[in-house]
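Here the protein sequences come in this chain order: U and Z. Under this note's numbering, think of the first position of the first sequence as 1, with each following residue one higher. Under this note's numbering, think of the first position of the second sequence as 1, with each following residue one higher.
Hint data in this document are derived by calculation from the structure and do not stem from the laboratory. We put the CB at the ideal spot given by N, CA and C, even for glycine. Be aware that one or more of the hints could be misleading.
Unchecked claim - Stretches of chain U that chain Z covers, calculated by requiring three or more beta carbons in the stretch to come under 8 Å of a beta carbon on chain Z:
# : segment
1 : 11-20
2 : 61-75
3 : 106-113
4 : 119-131
Claimed, not checked - Selected chain Z positions facing chain U (Cβ under 8 Å, derived; list incomplete):
#  : residue
5  : 32
6  : 34
7  : 51
8  : 53
9  : 106
10 : 107
To be verified - Dumping the calculated DSS-like pairs for lysine-lysine here, alpha-carbon to alpha-carbon at most 30 Å:
#  : chain 1 : residue 1 : chain 2 : residue 2
11 : Z       : 21        : U       : 90
12 : Z       : 102       : U       : 130
13 : Z       : 83        : U       : 90
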Amino acid sequence: MNKAVLEFSSRAENVAFARVTVATFVSQVDFTLPDLEEIKVAVSEAVSNAIIHGYENNPDQVVRLEISIADEYMELVVIDRGKGIEDIEKALEPAFSTDPERMGLGFSFMQSFMDKFNVQSEPGKGTRVKMSRRAGAPRRAVVPEQ
Amino acid sequence: MGRVIESIVNRGDKAMNYTIKKENNCLVVAPTGEIDMSITDALRRDVDRAMEQNKVFNIIFDLDKVSFVDSSGLGVILGRYKKVTAAGGRVFLTGAGPQVRKVLELSGLLTLLEEHPSVEHVISKIS
């Protein structure tokens with residue numbers, strides 16, 4: 001397995017950096033360009049969540065990405081040591097958001113664009129989002145309409 | 001009928017920038033590049049300010065030059081939709097490319113917003 005670990009400050013401008021870095025690394029797998037675009041959305045959502053919700057927009061914390069690729073498969077773990085999620089089930093509901101300006105679709109997009117998806121979180125300790133995708137696998141059903 | 005175009009905002013850097021122009025009775029918001037959380041606060045603020053100062057409550061989001069959008073970017077569009085519809089206005093989308101369209105469809109926003117082939121098409125329709 002080929003692995004990479006990336007840690008960066010929890011700054012908004014680093015979300016694009018995370019997208020490009022992950023896409024570049026996993027392009028070693030036989031993903032199509034549309035696949036890579038979908039993976040970039042999933043990365044963007046997970047990293048944005050870590051910054052906005054995990055660290056409440058504090059730019060001086062650290063987001064960690066662990067990326068693995070093997071054969072036709074990629075796996076990504078996004079880790080923050082922020083405030084954690086009180087109710088994971090509620091947070092996973094599509095369109096659930098505590099902010100009227102946000103769509104609450106981050107987790108839904110991650111689930112739609114990746115084959116497997118898992119969230120582990122502990123209030124006060126942090127959150128770990130693990131996602132994986134196989135090249136050439138058929139896509140899952142889309143998110144229900146709002 | 002001639003179009004009145006007035007440039008209100010031209011902001012950003014190489015990676016992501018946007019213009020907001022007033023054309024007849026619409027605000028045309030045209031981002032360039034990738035829309036994510038790094039630009040959404042400024043974009044939201046500038047669009048809201050342009051609406052209030054110009055008393056214009058029809059918005060066209062011209063996504064022709066947008067290469068990437070995530071749910072943070074969609075949140076700006078949805079938030080503006082809620083504001084303008086409360087004021088009796090409308091929100092239109094134009095120019096969405098394949099990646100942007102895929103995300104828009106997944107979010108359900110295309111069931112809320114009117115999509116048109118071009119800014120000119122919207123302007124002529126509502127003028």
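Going through the hints against the structure:
no.	hint	verdict
1	11-20	holds (count 5)
2	61-75	violated (count 0)
3	106-113	holds (count 4)
4	119-131	violated (count 0)
5	32	violated, 14 Å
6	34	holds, 6 Å
7	51	violated, 15 Å
8	53	violated, 20 Å
9	106	holds, 5 Å
10	107	holds, 6 Å
11	Z/21 <-> U/90	violated, 40 Å
12	Z/102 <-> U/130	holds, 23 Å
13	Z/83 <-> U/90	holds, 27 Å
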